[in-house]
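Peer 1: Working from the sequences, and respecting the hints, build out all of it.
Sequential numbering from 1 applies to the sequence shown in full-length UniProt numbering.
No lab work stands behind these hints: they were computed from the structure.
Incorrect hints may have been included.
[To be verified] Within a straight-line C-alpha distance of at most 25 angstroms, the following computed PhoX-like cross-link-like pairs (lysine-lysine) qualify: (1) Lys-245 to Lys-183; (2) Lys-204 to Lys-245; (3) Lys-183 to Lys-204.
The model shown is predicted, which means the values in this text are computed figures rather than measured ones.
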Amino acid sequence: MTEERVEHLLAEVHDEFGMIRVLEVADYRFLEFGDAIEQSCVFTADPSWLEYDYTRAMLIGALCHEQPESALFLGLGAGTLTQACLKFLPLEDVEAIELRPDVPRLAIEYLGLDDDPRLYIRVGDALELLETAEPADLIFVDLYTDVGPGVGHLAWGFLENCQKRLNPGGWLVINQWATDDGKPLGAALLRGLYHRHYWELPVKEGNVILIVPADLDQSLDMQGLVARAEGLAPRLGYSLQSLIKAIRPAT
1 MTEERVEHLL AEVHDEFGMI RVLEVADYRF LEFGDAIEQS CVFTADPSWL EYDYTRAMLI
61 GALCHEQPES ALFLGLGAGT LTQACLKFLP LEDVEAIELR PDVPRLAIEY LGLDDDPRLY
121 IRVGDALELL ETAEPADLIF VDLYTDVGPG VGHLAWGFLE NCQKRLNPGG WLVINQWATD
181 DGKPLGAALL RGLYHRHYWE LPVKEGNVIL IVPADLDQSL DMQGLVARAE GLAPRLGYSL
241 QSLIKAIRPA T
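Peer 2: Quick look at the structure:
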């Protein structure tokens with residue numbers, strides 16, 4: 001007989017965008033938006049543990065950079081990816097922009113987000129605040145609402161400005177929805193915008209992670225990526241190799 005999944009509601013708040021809940025189920029805590037749309041999953045014993053393939057794939061995007069010192073997260077959620085990057089990468093300055101003021105508070109209070117002196121969180125719309133963000137070696141775009149990707153995921157000007165905000169040699173990592181044929185949402189727009197010069201990493205959750213370099217001369221050093229991922233595996237507690245094998249050029 002399988003154990004019944006017992007949900008404990010830890011927090012529930014309502015803001016102008018709807019409802020936010022924090023639930024606990026066994027060893028995990030979940031951040032949910034709206035009607036049970038799961039945004040983030042946190043392993044309570046280790047908030048930097050990346051449970052889902054899409055977050056591990058975004059970490060792979062970060063590992064494309066040999067020595068990142070700065071990162072910008074557009075969309076914070078529970079902060080698990082932010083925590084993992086702070087823990088496993090040589091970052092010195094990290095900025096996160098989160099639309100909903102309750103999200104960082106709940107992440108710190110219930111979801112194990114560390115009050116790390118390197119992390120600066122701003123509340124507001126990433127589309128408006130991007131131009132005032134510091135340029136970064138890594139930029140992550142993960143702007144999801146309770147109904148799917150935020151408008152930024154298909155906004156040409158915004159996605160173009162994300163790339164322009166990168167330092168030379170930097171990488172833009174976008175958590176994009178996949179369409180039924182396995183291509184990223186807005187594939188034609190992305191191909192035009194980034195001149196087909198990016199890589200895709202499809203994951204089982206039905207997303208495609210896009211890994212976009214700062215400029216056209218920059219290529220993906222697979223050997224270096226594999227070596228960095230292997231070096232990190234003992235600390236991570238899992239291997240990234242099977243995901244790295246799934247990386248493909250822009251479709």
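Peer 1: Next step is simple, just say for each hint if it's right about the structure.
Peer 2: Hint-by-hint comparison with the structure:
With a C-alpha separation of about 17 angstroms, the suggested pair Lys-245 and Lys-183 falls inside the 25 angstroms cut-off, and the hint holds. Taking the CA atoms of Lys-204 and Lys-245, the gap is near 14 angstroms; set against the 25 angstroms cutoff, the hint holds. This hinted pair checks out: Lys-183 and Lys-204 have alpha carbons roughly 13 angstroms apart, not beyond 25 angstroms.
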